[in-house]
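Visitor: No gaps in the numbering here: position 53 of the sequence shown is 53 in this note's numbering, and each next residue is one more.
If you are wondering where the hints come from, they were derived from the structure by calculation, not from laboratory data. None of the hints are false.
Quick list of the computed label-pair ranges, beta carbon to beta carbon:
{"#": "1", "residue 1": "157", "residue 2": "70", "range": "14 to 22 Å"}
{"#": "2", "residue 1": "257", "residue 2": "280", "range": "20 to 28 Å"}
{"#": "3", "residue 1": "195", "residue 2": "30", "range": "18 to 26 Å"}
{"#": "4", "residue 1": "34", "residue 2": "60", "range": "22 to 30 Å"}
{"#": "5", "residue 1": "30", "residue 2": "86", "range": "23 to 31 Å"}
{"#": "6", "residue 1": "28", "residue 2": "218", "range": "17 to 25 Å"}
{"#": "7", "residue 1": "154", "residue 2": "26", "range": "51 to 59 Å"}
{"#": "8", "residue 1": "130", "residue 2": "155", "range": "16 to 24 Å"}
{"#": "9", "residue 1": "30", "residue 2": "243", "range": "30 to 38 Å"}
{"#": "10", "residue 1": "66", "residue 2": "157", "range": "20 to 28 Å"}
{"#": "11", "residue 1": "277", "residue 2": "243", "range": "16 to 24 Å"}
Ideal Cβ placement from N, Cα and C applies to all residues, glycine included.
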Amino acid sequence: MCIVCGCNNPEDHGAHEPAAPVVLDPSAGDLHYGTGTARASVPGLSQTRTVKLEADVLSANQRLANRNRAHFTAHGVTAYNLMSSPGAGKTTLLCATIEALRRRTPDLPLAVIEGDQQTRLDAERIRAAGAPAIQVNTGRGCHLDAQMVGDAFARLDLHAQAHHHGHRHEHAHEHTHDHNSPEALLFIENVGNLVCPALWDLGEAAKVVILSVTEGDDKPLKYPDMFAAATLMLINKIDLLPYVNFDVARCIDDARRVNPGIAVLQLSATRGEGMQAWLDWLLRKEAAQQARS
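Use the sequences and the hints to build the structure in full.
Guide: This is the structure we're talking about:
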């Protein structure tokens, strides 16, 4: 749980029984605080209270995420939630993706919602690459939530572009739109963090986790919630493989231990290797439908 949820508020008057750590190896003294029902330890809160608080917060977010999803569908927009640790190359990949999509499908409407704690640097890079972008600064928050994404989407002209591209604006319950191919793409670049963003539905069609080879091949096992939540793992910066200790096969195997259904693509956003396969994944007729299923 994170500070945005309010779970570390000392004024919370829930149950105050301690969350006892578990010693994994007495000889080493290693501790594990994630074995309780809440899978987390919050000072001053019992496991029961922590579970209830998380459920309340995520339930409120889910209602907003469902509203976003219906809104995206009504406007023919397929949204993808891009998540990674800081420095994995999300923004560089997005810029390269925008430029490649402009060449391959020049009439396809695109937009980006950029999440960071501070600055407008990434949104400015996206705009320079040729796509409209709305920057969302979260302050001390470590992830985007559905409210933020809904507010940002309302400030984009993507729905108008999708309408011009041939979509009739009708609400989701009317089921008149063919969801098998994207009429417009919305990329949501989440705050750099391999933990909290995994829990939060934003209304996206799918979560995409980006892992650079410079980070190490052990991340799927160290941060399993992120890889369990993702539909696709992009292994980025493969041009640097000769210079780093990164076992691609082991990384993929570990990711599929956590999530047997995860798809995997390898690419280099700076060199262009693997970019066509990434575009194929985004544009194939089955992509949106499979991501929603």
